[in-house]
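A.B. asks: Sequence:
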Amino acid sequence: MTNRTPRVALVTGATQGLGLALVEGLARRLDAADTVYLTGRDAGRVADAVAGMPRTGARVRGELFDVADPAAAARLADVIAERHGGVDVVFGNAVMRVGPDDDPRAVMDEYTQVNNFGTTRLMRAFAPLVRDGGRFLVVASSLGTLHHLAPVLHGRFDRAASLDEVDKQVAAWRDAVQDGSAAAGAWPAFVNIPSKIAQVAAVRALAGERRAEDLRRGILLAAVCPGMINTPTSGLWWDVSGAATPAEAAVPLLDLALNPIDPAHYGELVRYGRALPWRPAA
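One point on numbering: in the working numbering, the residue at position 178 of the sequence shown is 167, and numbering is uninterrupted.
Calculated directly from the structure, the hints in this document are not laboratory data. Among the hints, a few may not be true.
Okay, the calculated beta carbon distance ranges per label pair [stated by the list, open to error]: (1) R113 to A253: 36 to 42 Å; (2) R205 to D90: 45 to 51 Å; (3) S223 to A21: 30 to 36 Å; (4) D92 to E198: 32 to 38 Å; (5) A253 to H136: 15 to 21 Å; (6) D244 to A60: 29 to 35 Å; (7) D228 to D121: 22 to 28 Å; (8) D121 to D147: 43 to 49 Å.
Treat the numbers as computed from the prediction; the structure is a model and nothing was measured. In this text, a Cβ means the ideal position worked out from N, Cα and C, and glycines have one as well.
With the hints as constraints, model all of the structure from the sequences given.
C.D. replies: Spelled out as structure tokens, the structure:
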């Protein structure tokens, strides 16, 4: 590719697992003039991850970025806008993982700050920077549909028309877990379910505001499901012996980020190239 503006990609939660595989895949598939930002909240791990990147393809640049810091996303967006003028690919992949022995009440503040408020802050800061033909992809899960939530709770996320409203519902769920009323309110005990649903709801809410202009400009905003991945954390919950490696799981996500857009994917949760239904069948 010649005579084009160098592309810029950003991956959050990129010092291990899927995030690291996404950075490596982007670096291999982009050109030497392009830049991939590998971000994480630990400076030593960021530096080590950058040192292990391939020496061909795009430049990999490490940046300290803690998505749980309320000011960090806007601060980094300003830096990237000043350096590059915009961004072409964003993967929101930062996640705080919980194990079966964790008490949800004890971890909910940090958990929602990373997984949910961190996601919506990233969207507010970086969606305006996405250039024509760009991609903004939030890594979620097939658990992130209303099929996995009690019908009495569907309206909380199905009717959320803005990121602020999604944040409000996440805060209400967090508070209910912490005060012990979540079970009586029909919330699932597995906190990954409401968290992933809220991430997809956030994508849908922002897509509702941006759809016409994004499609005109060739921009894709979507949630993505990488499927089951063989990682130590997943192994705490499930038998992942036959699951994909992070590098294997990254391939369909990279295809979505770099291949031509399917407009049917816009604002949806996409798994293996197919949009998953948000609502149960009537």
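A.B. asks: For a quick check of understanding: which of the numbered hints are violated here, in increasing order?
C.D. replies: Hints 1, 7 and 8 contradicted; others consistent.
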